[in-house]
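These protein sequence lines are chains A and B, in that order.
Under my numbering, think of the first position of the first sequence as 1, with each following residue one higher.
Under my numbering, think of the first position of the second sequence as 1001, with each following residue one higher.
For the record, the hints were derived by calculation from the structure and aren't laboratory data.
Do not take every clue at face value.
[Unchecked claim] Pairs of lysine-lysine residues, derived as DSSO-like cross-links and limited to a Cα-Cα distance of at most 27 Å, are as follows: (1) 92(A) <-> 1009(B); (2) 1230(B) <-> 158(A); (3) 1238(B) <-> 1256(B); (4) 1040(B) <-> 1009(B); (5) 1174(B) <-> 1148(B); (6) 162(A) <-> 1040(B); (7) 1174(B) <-> 1137(B); (8) 1040(B) <-> 1085(B); (9) 1174(B) <-> 1230(B).
[Said to hold, decoys possible] Pairwise CB distance ranges, derived in the manner of DEER restraints: (10) 1250(B) <-> 140(A): 51 to 61 Å; (11) 162(A) <-> 1130(B): 44 to 54 Å; (12) 1017(B) <-> 22(A): 36 to 46 Å.
Predicted model, so just to flag it, every value in this text is computed and none were measured.
C-beta: ideal position from N, C-alpha, C; glycine also.
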Amino acid sequence: MESLLRIRAIARNTLIEALRQKVLNILLLFGVITIVSGFLFANFTLAEQFKFLKDFSIGAMSVFGLLIALMGTAQLLPGELESRTIYTILAKPVRRSEFLIGKYLGILALLATTILLMSIVFVGVLLVKEQSMIASEWRDAGPTPTAEIQAMAAENVKQIHKEARDPRLVQAVLLTYAKLSLVAGMALLVSTFATSAIFTVATTFLLYVIGHLESIARQAWLQGGTEVNPVSKVFLGVLSFLIPDMNTFNVIDEIIAGNAIPWSHSLNVLAYTGIYIFVVMAVSILIFNEREL
Amino acid sequence: MTFTLHRHKTAVYLALLLAAWGSLKVYWETAIERREEILKFHGYTINRSLRDQLGQGMMLGLLSGFRGVVADFTWLMVTGAWQDKQWFRVKSLIDLSVTLQPRFVPFWDLGGWHLAWNASVDRRNNHDEPNPLRRIKEERYWIREGEKVYRRGALSNPDSYELWRSLAMLYEQKLQDYRQAAECFARAAAAPGAPIFLERFPAYMYEKAGDDQAAYEVYKRLWLLPRDRKNIQYAYDKIEEKIRLLEKKLKVPREKRIFP
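Okay, chain A solo, but in the shape it has when bound (with noise of 0.2 Å):
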């Protein structure tokens, strides 16, 4: 129970150092590339426009989660060393892994904020367009349409409503999230061993590549045959051991096409996402632990 408190504390101390840095700042730029995209392409289709408008605000959250993910992750560590506060913290009753796993749920609890302030910004614009939209859609029918063109209007408004309400989107979202805490977690775990941040942000940011890239490796490890040399085999086997696949976030951009996930695939991504980050938790502590300060 008190290790709870200590890490519970250590992770609101990591929080509200983070959001003291301006970090929320960030919000200002994706509320203006959501508003701007969502009016940017008024000439496509309905389903065009909001697969641009969706496309273009997920993908903003994704950036600048992205972002502060591994700026944030990487600065912890280096932080604390250079400002030694980490001596004063670790000379409490207080255990290295506690004050990795504080400070791991602090960026969490930073990533969630952000990603609940962006999803916020993101249905205000959803709605916005969708009354724009059904506006539009009345006043192309003309003061008196006749029954046909009043039946077509009410066809293409239920559609519109359809794609501006789509409970799907949490799922997405959801997944974003998902996909930020690992990419966190991999900054820690770079972070145990390295000496510098900018080494963590470069090494992490290419593992996150790399793990665009994991399933064509584990595709060529178990099903090469002799066409893979021994030693490349050897390689990309140990390559689909660590390396996430990143690949398995896919399902956002399907989520946004409009297709029907079932959640059953998403909260096995999510459990997916979840046991990898225990483990890099896991072995970043065990690392931590052997780290000289």
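Chain B: place on chain A using the hints.
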């Protein structure tokens, strides 16, 4: 590097943890991938050709997990190329967009329309080509290209009625192949979420093809379905009218008629 793994115990724990997780991870990821294949999510392979088509910036976007945004950009380029009437560029950009997002039906639907309707009409009216036969040949080429896009799209999205409907309209209005149109309308009508009026279209197409017997069979099947006859969406009045007409025309024996 300021740390050393000087405790063997830690190294052993690490190795065991990673080996155990690695095996589970590979199995789990393979299972997720297989499930995605069943759901028809995977449409592209990252290779040299894709990299050449996308360019460095968009390839980086793709590798950073922004497939949807990259597909949007390629689609915006389709629109630009269409306005400039660069039809082969339109075709390759459509291919690229649908490769990146094969489950977004409007890419297939609008892509097929660009090729089968816009490109074909533009080529038919191309007055730089004095030979009318060549113009017709070019027109046919683009209609067939549009047809291919619709067909590939329908295979990638078997649950979408839109692509079968577009393909049916192409057969009807561009190729005057009413039998194919009837088959495609039937597939469209059978897809989930299809508008009810589509179920009568195969019959209309058979009538256009001169196959009154096939049209009669379709109307008869619709008439005999156990449904609410008062629902105007089913258009039972129209179906009855057609059946009466065809029974007379086909000289159906009185005992076999629905309306003797």
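In this structure, is the beta-carbon distance linking residue 162(A) and residue 1130(B) contained in 44 to 54 Å? 50 Å Cβ-Cβ, so the 44 to 54 Å window holds.
Straight-line Cα separation of residue 1174(B) and residue 1137(B) no greater than 27 Å? It holds: about 13 Å lies between the C-alpha atoms, which stays within 27 Å.
Please verify whether residue 1174(B) and residue 1148(B) have alpha carbons no more than 27 Å apart. holds (14 Å)
Given the hinted pair residue 162(A) and residue 1040(B), is their alpha-carbon gap at most 27 Å? holds (23 Å)
Indicate whether the distance between the beta carbons of residue 1250(B) and residue 140(A) respects the range 51 to 61 Å. violated (44 Å)
27 Å Cα cutoff - pair residue 92(A), residue 1009(B): The given pair, whose Cα atoms are some 26 Å apart, holds under the 27 Å limit.
If you draw a straight line from the CA of residue 1238(B) to the CA of residue 1256(B), is it 27 Å or shorter? Satisfied, since the Cα-Cα distance of roughly 20 Å is no more than 27 Å.
Assess, step by step, whether the Cα of residue 1040(B) is no farther than 27 Å from the Cα of residue 1085(B), and give holds or violated. Violated, because 32 Å separates the two Cα atoms, which is more than 27 Å.
Is residue 1174(B) within 27 Å of residue 1230(B), Cα to Cα? violated (36 Å)
Measure nothing beyond the straight line between the CA atoms of residue 1230(B) and residue 158(A); if it is 27 Å or shorter, mark the hint as holding. holds (24 Å)
Sort out whether residue 1009(B) lies within 27 Å of residue 1040(B), counting only the CA atoms. violated (46 Å)
Satisfaction of the hinted span 36 to 46 Å by the C-beta atoms belonging to residue 1017(B) and residue 22(A): holds (38 Å)
Comparing the model with each numbered hint stated earlier shows that hints 4, 8, 9 and 10 do not hold.
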